[in-house]
Amino acid sequence: MSFLAAATPTTTWYLILAAVLFGIGAVGVLVRRNPLVMFMCIELMLNAVNLSFVALAKKMGDIGGQTTVFFVMVVAAAEVVVGLGIIVSIMRRRPGATADDISALKG
Amino acid sequence: MELVVFVLAAAMILVGAVGVIVRSNPVHAALSLILTLFGVAVMFVAQNAHFLAAVQVIVYAGAIVVLFLFVIMLLGVDRSEDLSSEPFEVQRPLAAIVGLGVIGLVVAAVVSSRDAITVRGTGLNVADTVGDGDTNIKQLARSVFGDYVVAFEVTSVLLVVAVVGTVLLTRRVKGSGKDS
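Top to bottom, those sequences are chains U and C. Read in order, the letters of the first sequence are residues 1 to 107 in my numbering. Read in order, the letters of the second sequence are residues 108 to 287 in my numbering.
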């Protein structure tokens, strides 16, 4: 197991992992049509950004990164509440609606 | 040891993230999301963000995913959808190109600027095994209730607005029929 002890993950590893997570979330938003799953993919992207904030806070020795993550979490919670409220009211009117059906809102 | 933790948590995060976008049943997607969120919480602990790891598990995995599951059950969309048909054929290749492009650009930026990240703060107070273990919480509290106290107060207004707005959005107006 000595070769495992030799390599320790650096900040770059965490940032690359966050980039991959963000990319997966972005692909999910572009591909999926169920508005609930699109919301989950937005959560994936928010978590990727949080991860890079925390990694940089450790690397730069600044607690401000963790404070930002704290506020991002609060805003994400508020965003999920409002978004799910909108989805519930759309689905109540048109059961089984996908993101394509909402284009009927265009004027 | 650190490497083992990183590899295991990264595997949790990536498996969960791919699960969210490929599972056809929204309930399975929500459960995959929990796997990803727990992996991110492990990463937070590995990066000395102990308080945020606890908040991640309680708020994200506890509250937000439960809210998702509630809405899925409330709307009755807990059945598999057909992912094989794609009404707009070039959408998936285009999405893959965009996703790989985003990943490639960010990875290139990170790798090329990895020596440009310099220490600029006074350092994180790492929880000490011999001293008190909550130095991270104290340091974060000084930052939130000291430097960023105005933003913290604005956050409370945001939460009230979100709650009131959601109640208004989902309220059924009396007398105007079932579906309004």
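Incorrect hints may appear among the rest.
Computed footprint of chain U on chain C, listed as stretches where at least three residues anywhere in the stretch have a Cβ under 8 Å from a Cβ of chain U [unchecked claim]:
#1 112–126
#2 143–150
#3 174–180
#4 192–203
#5 266–272
Restraint ranges, calculated between C-beta atoms of paired labels, are given here [claimed, not checked]:
#6 C:194 to U:8: 42 to 52 Å
#7 C:281 to U:64: 44 to 54 Å
#8 C:183 to U:8: 43 to 53 Å
These are computed hints drawn from the structure, not numbers from a lab. All C-beta atoms, glycine included, are put in the ideal place defined by N, C-alpha and C.
Hint numbers contradicted by this structure = none
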